[in-house]
Amino acid sequence: MESRHKILVLDDESGWLNLCRDFLAQLPGKPEILTVSSGMRALSLLDAQTFQVLLCDLRMPRMDGMQVLSIVRRRFPELRTVVLTGSVEEDFRSRAYALGVDMFWLKSDVQQNQQVFLECIESLLGGVDGGDSRDVHGKNLLDVIQMESALRNSSVLHITSGWRVAQVWMKDGELVDARAEGADGEAAFWRLLKWKGATFESLPAEPAHVRTITKSLDAILLESAQTVRKAGSPTLAQEEEETAFVARLTQVAYEGAEFVVTVPAKNVDVVKGWGIRDADRLAAWVRQAEKAAQRLGEKYNAGPLTHIAGHNPERHVLLMPGNGRTFVIGWPPEADPRHLFDRSKKLADAWAS
Amino acid sequence: MGILNWFAKSGPAVEKLSAGSFTVDRHGNVMTTTVGSEYPQWLLDDTAREVLSLFRGARAAQMPLTGLDLNFAGLHIAAREMQGGAIIFLSPQNADAASSPSGKGRP
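So the protein sequences, as listed, match chains A and B.
Using our numbering, the letters of the first sequence map in sequence onto residues 13 to 365.
Using our numbering, the letters of the second sequence map in sequence onto residues -9 to 97.
Note that these hints are calculated values from the structure, not bench results.
Note that the structure is predicted; figures quoted are calculated from it, not measured.
In silico SDA-like pairs for lysine to any residue, Cα to Cα no more than 20 Å straight-line: (1) A:K311 / B:D59; (2) A:K357 / B:A63; (3) A:K311 / B:F12; (4) A:K357 / A:R337; (5) A:K303 / B:L34; (6) A:K227 / A:V168; (7) A:K358 / A:E346; (8) A:K311 / A:Q300; (9) A:K278 / A:N335; (10) A:K278 / A:A296; (11) A:K303 / A:A277; (12) A:K284 / B:Q52; (13) A:K311 / B:V20; (14) A:K183 / A:V156; (15) A:K183 / A:H221; (16) A:K311 / B:S11; (17) A:K303 / B:R49; (18) A:K311 / B:A9; (19) A:K358 / A:Y266; (20) A:K311 / B:L34; (21) A:K18 / A:R87; (22) A:K303 / B:A51; (23) A:K303 / B:D59.
Work out the full structure, taking the sequences as your base and the hints as a guide.
So, in structure tokens, the structure goes:
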């Protein structure tokens, strides 16, 4: 029985979600399209059902798109991801690609190039079917180059990774030239080595193409290995830190909370936030609240402060003073306030341990 | 035994606070109150000022709140924002912890 592909669209703007749903319905494969407006909801849906493609906004309140993508990359490595954002900042683009997203699209570009966008999504869905021997997603590009070299092939490799396109010219197994990200020759090849996921197409050789890379492939591979070794320690540390961050964020999501911020008692220590963008600003208020509560507690002779709770129509917030730091936990508005203290305590205890 | 009794009598008298509420305007002035006389006026003024300041601080932190609850072992202070002012509920939790106001911080 043939099953329809599923696409999940995450965006906090309901108007855009409706637009996307109508728009993606034009895809030839008629995939099933589901929309959600929060990162938490997206993660729970991804956990419950199998999707092939996730279209994700970046700027969202509570858990933002980068955080969702960080979790998705770890938990659902097979899921193809596309960023759809209104943010034109280049930093977002590079960060998203560093997270391994397949494509990065500006919303304005989608509206102007609807057909191209649909073709891109269709190609992602097509790639999901498997059996495309040219898909090197998840593999090191070096493996492909080495294979071409070992076979003494002459060809032009046309490589694409999202919006990025590159070419590598090979002659009798030797690296001749490369073009990527506006660079030529060896510089282009080095940039290419940093790409994480890509597809390639082997085009007919161009024997007359001018050779610009004079080093042998083996020499470049050796340099590449040395570079990786030199960068090994900091990368590992960053990787561990990121893993811990994602694990925490996943924990927040699965407890049903919206965010967690840890506010150290001392101003000099670092405030940490999961699922929230401006944790420092919130931390300033948390410190204000704790001092105010302390003053009032003394004046009323009311005993120790157990917790502070705040609410508005959009969320509940609990401040749980702990050992040297305060946990601030945000909960969705529909959460039952009678159970929030216990749930927050459980989360804070798990965190502390 | 006699000595122990003497020490017991010399400790601070624990007075159970009554529950009650009071309203404050946006400037922190106490408008109406149902709380007993065991709560001195300065304490209600201080409470109003702290609570309004916390509501304003939360707004500045991009997390505007309509309700705030300060939970102590012996007292629950619940504040609900009302048109820039607030209604504040004082609910002692038990007689042991909620003793008479300490007067700390007053001249």
